[in-house]
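Below are the chains, spelled out letter by letter.
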Amino acid sequence: DVKVTQSSRYLVKRTGEKVFLECVQDMDHENMFWYRQDPGLGLRLIYFSYDVKMKEKGDIPEGYSVSREKKERFSLILESASTNQTSMYLCASHRGGGYGYTFGSGTRLTVV
Amino acid sequence: AQKITQTQPGMFVQEKEAVTLDCTYDTSDPSYGLFWYKQPSSGEMIFLIYQGSYDQQNATEGRYSLNFQKARKSANLVISASQLGDSAMYFCAMRDNSGAGSYQLTFGKGTKLSVIP
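Sequences listed follow chains A and B, in order.
Sequential numbering of the first sequence, starting at 1, is according to this note's numbering.
Sequential numbering of the second sequence, starting at 1001, is according to this note's numbering.
It is worth saying that the hints were derived from the structure and are not from the lab.
Here the structure is a predicted model, which is why all the values come from computation and not from measurement.
Heads up, the beta-carbon is just placed ideally off N, CA and C, and yes, glycines get one too.
Certain hints may be false.
To list a few chain A residues with every Cβ distance to chain B over 12 Å, as calculated [as the list claims (entries may be wrong)]:
(1) Arg9
(2) Lys13
(3) Val24
(4) Thr110
Interface residues of chain A toward chain B, partial, derived using beta-carbon atoms under 10 Å [unchecked claim]:
(5) Arg44
(6) Leu45
(7) Pro61
(8) Gly63
(9) Glu69
(10) Ile77
(11) His94
(12) Phe103
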């Protein structure tokens, strides 16, 4: 089975800090995604990547950036964390062509 | 633009009964895929079932079936013989299958299902 690993389950950061959320998948998938999940809003796409060094903005990219230097790793960066970025962040991986999105277990980020 | 609508914020069902979770979608693309995910309180997203827009038959996976009505743009999830472990958030999602870089999933806001003993 594909495994998607997010480096932290819980994270507390201060306003203004630069925050890195890491995601690693072990099945050579081309496509990787970052979502944030907030109560009543479902999952909203922040950024996605369909190849190394390629990235595309999702629905809510403001305040975020991403990095994909290696196929297996997709990092989400909060350049200057703000309290409205307190949320659950979910990473997903997909092989392309067929279906089978696999999600990580999520990182619950609190910005104080 | 794609849109997924789940009109039931919360649902209750008696154990061993069947339950239907509603999902409607809006897209102008002829090729798309529809997904249902389960999210228990632990937070993980568990893939349940998939339906392609050109699939002739409704998808089934064990106790899960997808009632796909293309003309009505409806993709309801039916869970038969509910179990206590089915209590969770359920998300409907759609993927546009056309074009490059098009594998992003668009999610609905979810339905919280509670199974009553």
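Checked hints:
no., hint, verdict
1, Arg9, "violated, 9 Å"
2, Lys13, "holds, 19 Å"
3, Val24, "holds, 16 Å"
4, Thr110, "holds, 15 Å"
5, Arg44, "holds, 8 Å"
6, Leu45, "holds, 6 Å"
7, Pro61, "violated, 12 Å"
8, Gly63, "violated, 19 Å"
9, Glu69, "violated, 19 Å"
10, Ile77, "violated, 19 Å"
11, His94, "holds, 5 Å"
12, Phe103, "holds, 4 Å"
Violated hints, listed in ascending order, are 1, 7, 8, 9, 10; each of the other numbered hints is respected by the structure.
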